[in-house]
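Visitor: We have chain A already, so just place chains B and C on it with the hints.
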Amino acid sequence: MNLAASRTDQAADHFLPTPYRVVAAKREIRDIVTLDMVPVSGEMPEFLPGQFNMLYVFGVGEVAISISGDPADKSRMIHTVRDVGAVSDAIAALGPGATLGLRGPYGTAWPVADAEGNDVVIVAGGLGLAPLRPAIYRVLANRERYGRVAILYGAREPADILFRHELETWRKQLDINVEVTVDHADQTWHGSVGVVPPLIARAGFDPENTVAMVCGPEVMMRFSAVALGDAGVPFERIHLSMERNMKCAIGLCGHCQFGPDFICKDGAVMSYDRLAGKLTIREL
Amino acid sequence: METLERILMDHPFFAGFGKEFGELVTGCARNHVFEAGKYLFHEGDAADEFYLIRHGKVALEILPPGQRPVVIGTVREGEIVGASWLVPPYRWMFDARAMELTRAIGIDAACLRTKCEADPKLGYEMMKRFLPVLVQRLQSARLQLLDVYGRRAG
Amino acid sequence: MPPAIGTKAIIDRDGLQALLDALGGAGYRVLGPTLKAGAIIYDEIAKVADLPAGWTDRQEAATYRVERRDDSALFGYTVGPQSWRRFLQKPQETVFKARRDGDGFAVLPLAAENNRFAFIGARSCEIHAIEIQDRVFLGDFPDAGYRARRADNFIVAVNCGEAGGTCFCVSMQTGPKASSGFDLALTELLDETRHDFLVEVGSEKGGTMLEKLAPRPAGNADIAAAEAISAGTAAEMGRKLETTGLKDLLQGNLNHPRWDEVAARCLTCANCTMVCPTCFCSTVEDHSDLSGETAERVRRWDSCFTLDFSYIHGGSVRQETRGRYRQWMTHKLANWIDQFDVSGCVGCGRCITWCPVGIDITEEAAAIRAADQRGVQKRAGE
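Protein chains in written order, with our numbering: chain A, 1 to 284; chain B, 285 to 438; chain C, 439 to 820.
Read the hints as simulated data drawn from the structure, not as lab findings. Fair warning: there could be bad hints in the mix.
Claimed, not checked - Calculated pairs, DSS-like style, for lysine-lysine (alpha carbon to alpha carbon, straight line, at most 30 Å):
#1 685(C) to 265(A)
#2 685(C) to 278(A)
#3 528(C) to 265(A)
#4 615(C) to 446(C)
#5 528(C) to 615(C)
#6 485(C) to 474(C)
#7 474(C) to 528(C)
#8 265(A) to 535(C)
Said to hold, decoys possible - To give a feel for the contact side, a few chain A residues facing chain C, derived at Cβ under 8 Å:
#9 17
#10 84
#11 85
#12 243
#13 253
#14 260
#15 281
Even for Gly, the Cβ is constructed at its ideal location relative to N, Cα and C.
This is chain A alone, in the form it adopts within the complex (with noise of 0.2 Å):
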């Protein structure tokens, strides 16, 4: 049995992917899946919070996901899908015992050691609470290195909200102030309505020495960012995690630019300083 793609030759060509086996699936909320999966073997990669992998399903094709674990969980790789297409819909099928095909990690990271010594602000949109969870963990588990920490999330009503036990643990924590905010509820729901950036103003930060970090839908992450810029935030502080589509996540296929540069290599986590031009040129 030739099986060609191990690590090693991924490294010779980066078009192989590498097998790996689906160990828990978990059901999130409505069409959005979280996959812990290992290698069939070798070494799992190390990554960084905020890079991606190109996830395979065999005949079907592959798509980007973002790494939503634990970088300092070595034991495994997970992945938050959701089911929007006819790859995701197969990545969101795939129970325990199942295979996949994994290309990366790739991609750019959230500045979590830059950092350090700073106010982190975290602000998230729907499923973008998932690639900015690995960033999450870093700061939590490191909490002395850091300032005051926010998380302010918004979800279109209160049955979307996604890791919603996770938000109520770490809101739990007396040093993280968490903020939940959905774009309509009825009347069970005891929290805020209204969408993201007014939670900006109130969320308690020094803007001269805060890190933002931002996901969410684009224009949820464009307002975002406006509003932080004028809390006064630094605009090369502020980052968020662009999408595009993309067929190789290597820089070879052209499809992920925008303007001159390729979500998947100088990107997806870019600074708003590189955006902010960008972000409202229609079609870019």
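Guide: Leaving out everything else, chains B and C in the frame of chain A:
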């Protein structure tokens, strides 16, 4: 009255308000306490008062027939509820429900409108404070309308 | 000692045949210009007679025609619709095959191919294009297939004897004379008294090969004749592109009204990207057989002009022609420089020739330059 004036001027909405205007506005003001679940007003009611929230949280709701009420916004302490008092026909366009025990200062709309007519400088100071709130709420409403977290067709 | 790099010599048509024979004998797949279906296309050649002797091309915006020359020049045309890209970045290639294996799958090795190409008649612009693609495909994450196909090439350049109607290599500083990137470079010397080639050695491999071709030394008159040909070609370029500050100009004019204007003409047919020698975009398709037991991933050329190119869940980022044309042109002339430290355009003119509506990248750039919107304050209603 003096205590009420101090409470009013301490509210973030009136930051930077001139002392002479503070007295004028206080003359139209009174205290309110709303228990959890009580409605401040209902859609269609005469908008004869607007509220500065001191403590608590208020849900802005709209009830589509045959459905449960939908909360389309929440207002917390330090913020204000109500702009319909500014615009004829002075009727509320949504319901406002106290989500928890809420203390508010109500400002009589007719009283304040009369004083603003008499003193345009007062009127302008009020407008300068209302407009940013309305603009932010309009922008938030637009973002809510986009349903950014929703599934897209196709 | 084989002739050193820079050595110049003369070979005749028999010498050229000897070159083709030697390359074929050495196991190269010998490719060169041929006349097929009314166009000059690169294909396998074995004989000098396979070359389009006595043919030339007439190119203008949206126009390509081959015509008879009144001489028998072997290389008396410029570039056809394809480039060497067709061989180096294959239009379609299998990336991997995989076979089901219990709950999992195994990735299978692919068959080896003969990747030793000899390119006969590569123009200077095309050599620059190959080197540009090298930067793309042999960067941080090298493309193994491309690397294998580039590992052992023998490049015989030809210095153009005339400029094409849409050529602007002079503006892009990519020609007309090949200055590097070749093993041998030929300049065709043809008049009533002679028909032979000035050969210049460009590499050790080239020098070793030259020895096999019975060359005679080049005289000063030969060298001067070749230089005059290149100078003459340089003087008759069909187009000109002003490149000073072009990157900042285009990146600073993303909302220029010219984009709307060109969008009204562009059909998003993607011809320009198919003929361009530096375009590199690709897409992948995953197939499995009917039994679901084996799967295959195929990579093929793609174009930023397709609607699907920028698709992310729910819709495409570039839905309008305006956004797609702007993407292609700003990538080619501006963003490419940020990405690869060189312009993406080599001035070959193919995109102008093969655009069915004759859109001219040099004209579009000039129009934007003539009405630079940077620093222009917009007033209400504008």
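Visitor: If a hint holds in the structure, say so; if it does not, say that too.
Guide: Status of the hints after comparison with the structure:
1. Between residue 685(C) and residue 265(A), the direct Cα distance comes to roughly 21 Å. Compliance with the 30 Å bound is thereby established for this hinted pair.
2. Distance hint between residue 685(C) and residue 278(A) is fulfilled; the C-alpha atoms sit about 16 Å from each other, no more than 30 Å.
3. For the hint pairing residue 528(C) with residue 265(A), the CA-to-CA distance comes to about 24 Å; that is within 30 Å, so the pair holds.
4. Simply put, residue 615(C) and residue 446(C) have alpha-carbon atoms about 14 Å apart, close enough for the 30 Å limit, and the pair holds.
5. Between residue 528(C) and residue 615(C) the CA atoms are separated by roughly 27 Å; this keeps the pair inside 30 Å, and the hint holds.
6. Taking the CA atoms of residue 485(C) and residue 474(C), the gap is near 16 Å; set against the 30 Å cutoff, the hint holds.
7. Annotation: proposed proximity of residue 474(C) to residue 528(C) holds, straight-line Cα distance about 20 Å (limit 30 Å).
8. Of the supplied pair hints, the one linking residue 265(A) and residue 535(C) holds, its CA atoms being roughly 26 Å apart against a limit of 30 Å.
9. This hint holds: residue 17(A) has a C-beta 7 Å from the nearest C-beta of chain C, less than the 8 Å allowed.
10. Checking residue 84(A) against chain C by beta carbon gives a least distance of about 4 Å; that is within 8 Å, so the hint holds.
11. A hinted interface residue such as residue 85(A) counts as satisfied when its beta carbon comes closer than 8 Å to some beta carbon of chain C; here the least separation is about 6 Å, so the hint holds.
12. Given the 8 Å rule on beta carbons, the hint for residue 243(A) holds: about 6 Å separates it from the nearest Cβ of chain C.
13. A distance limit of 8 Å between C-beta atoms decides the matter here; for residue 253(A) the minimum to chain C is near 5 Å, and the interface restraint holds.
14. Look at residue 260(A): its Cβ gets to within about 4 Å of chain C, closer than 8 Å, so that hint holds up.
15. Evaluation of the residue 281(A) hint against chain C yields a held restraint, the C-beta minimum of about 5 Å falling below 8 Å.
In this structure, every one of the numbered hints holds.
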